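Chain residues, written in single-letter form:
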Amino acid sequence: MKWNSESKLNGLALLVALLPVWEGLSRTELVNPLFFPPMTRILRSFFLLTISGDLPYQILVSLQRALAGYLLAALVCIPLGIVMGLWNQVYRMLELLIEMARPIPPPVIVPVAMLFFGLGDEMKIFVIAFSCAWPVLLNTYDGVRSVDRVLMHTGRTFGLSRGMAITKIVFPAALPQIMTGLRVSLGIMLILVVISEMVGSSDGIGYFVLDSQRRFKVDQMYAGMLSLALTGYALNQLFLLLYNSILAWHKGLTRAS
Amino acid sequence: MHLLEVEALSKSYRQIGGESTLAIGEISFQVEKGEFVSLVGPSGCGKTTLLMCIAGLIPASSGMVKVNGAGISGPPKNLVLVFQEYNRSLFAWRSVLGNVLFGLEVRGKLSREAEDRARHLIGLVGLEGFERHYPWELSGGMQQRVAIARALAYGPEVLLMDEPFGSVDALTRLELEDTLLKLWQELKTTILFVTHDIEEAIYLSDRICLLSRRPSRVVRGIEIRLERPRNQLTTRADRRFVELRNDIYRQISDQAVK
Amino acid sequence: MKPPGRINLPGLVTLLAVLLLWEGFSRGSASLQLYFPPVSRILVSLYELMFFRELLGHLLATLGRFAAGYLLAAVLAVFLGIVLGYSRLAYSFSEALIEFLRPMPSVAIIPVAILFLGIADAMMVAVTVYACAWPVLINTIDGVRNIDRTLLHTGRTFGLGRWQALRKIVLPGASPYIVTGLRISLAIALILVTTSEMVVGGSGLGYFILDEERSLQTSNMYAGIFLVALLGYGANRLFVLVEGRVIAWHRRMTAGETV
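Line by line, the protein sequences are chains B, W and H.
Take the first sequence: its letter number 35 is residue 446 in the numbering used here, and every next letter is one higher.
Take the second sequence: its letter number 125 is residue 312 in the numbering used here, and every next letter is one higher.
Take the third sequence: its letter number 190 is residue 208 in the numbering used here, and every next letter is one higher.
If you're looking for bench data, these hints aren't it; they were derived computationally from the structure.
Fair warning: this is a prediction, and the values are worked out from it, not measured in the lab.
The beta-carbon is built from N, C-alpha and C at its ideal position, and this holds for glycine as well.
There's no promise every hint is true.
Said to hold, decoys possible - Result set (PhoX-like, lysine-lysine): computed pairs, CA atoms no more than 25 Å apart in a straight line:
id, chain 1, residue 1, chain 2, residue 2
1, W, 375, B, 579
2, W, 264, W, 296
3, B, 579, W, 296
4, W, 369, W, 220
5, W, 264, W, 220
6, W, 375, W, 296
Unchecked claim - Restraint ranges, calculated between C-beta atoms of paired labels, are given here:
id, chain 1, residue 1, chain 2, residue 2, range
7, W, 419, H, 182, 57 to 65 Å
8, B, 498, H, 30, 45 to 53 Å
9, W, 319, H, 251, 45 to 53 Å
10, W, 221, H, 169, 33 to 41 Å
11, H, 27, B, 666, 41 to 49 Å
Said to hold, decoys possible - Sample of chain H residues with no beta-carbon within 12 Å of chain B, all distances over it, derived:
id, residue
12, 56
13, 86
14, 131
15, 169
16, 206
17, 221
18, 229
19, 262
Whole structure, please, built from the sequences with the hints as guidance.
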């Protein structure tokens, strides 16, 4: 994306200007402070919860589950997507099953997972893996399908075996699209960990936010959401960093053409 | 024994309707060790298909390809194909050096010597200093130089080239032709070159195989007895060059009318 | 895309094999039946629940929330997206807010919505609107920004007014992006509706599925999942259908007008 950085100042200025307005409205009870606690109180709550280790703990618990499910999805779906992309028969065999399972909205997998795994970590990991699987699988498949034939011929003329062609040509050539799938799944991962913790858990950031609301600790609830936003932002940046270091060649390539 | 022998090779395709069409009909020719041979024919005569068959990338419908007297099944070890589409055949995720090392890596011969050899070849194609660059940072002509260096680093006995200079501009093309001749003379690699550019074929080759329209056959073999080293100005101005060109042109356009 | 009318035989065989294995193993083992009730029993449950019990009501509740949230989000976000894509000033003021809110997983808004709106339909629609708006908004902004400036200038030289320029250049130019955003949001809408139904309970397919699991009526649970998947699938097909119609209509209209 090519947003100008100069324009960011305007928005920041507006945000900063809004904070005292919010603060004032809330303190003078022009808006209900139960719904809109003063910004300073939210920040104070965020600060205290961070110092006490409560928020970091909840985030950490959630992140563990999230990443376990995410990696599981990647480990299963990247190889499967490559196999489906290389052997059309395999794709055709699985096509209808995939088309049946894909429209299931991921949240309703939570009850199924609860049935199988109870309320533990396995339940959340399963749900997250199920939901993250689709973008990775379909993008990998697409990426492999669109590997240039000339590239494959080039490999063969140099005596590359089928197995080696996968590691030396198919995988690197499809990697940009695999990464696209992984990126989409990263957002889904965070959504699903929150959902599964809201529906069936006694810890984790999703549980924390909902529980704070139920006990009317509204500043805590907002503090939890703030930490979620920060986590989401950090994960995204981390992913971009990884993306740019692994796929520097692709970035240059797309810019060149 | 000939280094490369094509015996009565034909290739037909099944069309969607189920009918099969003959793209190549019974082609036979030989290439001797160290020779530079060009295949020339009207466009759409199946030159690329023929080359793919010789490279073992697609199976022939009938006939045979022999290298050093032995029939091939699949890509032979001592033969490499350079494609016209350099931008599609280079590995965008590998540097110039990484691309040139590819063939050696596949053979499991990655070593200090291999890298020296790769660097030497990069120098020979005139890309010294670009080892760490990525293909997309280079111009089209430079990319094709990388592809040529990559093929030669593999140390093939026969280099097959499919209109390698078909997608570069005219000036670059002349430069690349001279680079190729220099490499050929230095490395003594046998080259089988496909082009539809008659002058290019005459300028480069020892011998030209003239192909007919689909289903293509060898119409005629033409020895090119112009002195080497050749020169873009004097060779092309030579009376024999012009006569050869007119002669071949007439034959091809006769083909096209029929 | 596969050509229409061609049957994927290996796919069908695999699907049938899986269903048969499921049915067979389930009938063979009583301990397995809790987790995988026979497919035939699930279908019977679906039939009975649909026509003789409350499932139809749950389906309609979910459908209503889904449609209301999605459509409202679409209208709002396209409108906002055009404004923000068109006006540099408006965008610059909202950018920081957008970049701050966007990385937060949208479902985290559910507790806030409960706080403000209670557990009524309005709350579920509100969270759906919030979550669905993002992809449409971001894509619309992108689409409007990517319109070739010379195209706009050309329009201006032909004396197009602002409104006309919007209708004839901006909207058609940005529509591929908008459609992409709308398609992403379709899946998101169903996620938000079912999640909020599970969290606040009462009615809807999300609630039904969770409730049947809790009372270990697993064949009912699977019946509900089947139904909600069908809803998602149907919504997608409808989207493709409408998209095709709109594009065809649009092509006809612009063709007629430019001649």
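Now for the hints, and whether the structure bears them out:
no., hint, verdict
1, 375/W <-> 579/B, "violated (30 Å)"
2, 264/W <-> 296/W, "holds (14 Å)"
3, 579/B <-> 296/W, "holds (15 Å)"
4, 369/W <-> 220/W, "holds (17 Å)"
5, 264/W <-> 220/W, "holds (16 Å)"
6, 375/W <-> 296/W, "holds (22 Å)"
7, 419/W <-> 182/H: 57 to 65 Å, "holds (59 Å)"
8, 498/B <-> 30/H: 45 to 53 Å, "violated (18 Å)"
9, 319/W <-> 251/H: 45 to 53 Å, "holds (51 Å)"
10, 221/W <-> 169/H: 33 to 41 Å, "violated (59 Å)"
11, 27/H <-> 666/B: 41 to 49 Å, "holds (45 Å)"
12, 56, "holds (16 Å)"
13, 86, "holds (17 Å)"
14, 131, "violated (9 Å)"
15, 169, "holds (18 Å)"
16, 206, "violated (9 Å)"
17, 221, "holds (15 Å)"
18, 229, "violated (9 Å)"
19, 262, "holds (19 Å)"
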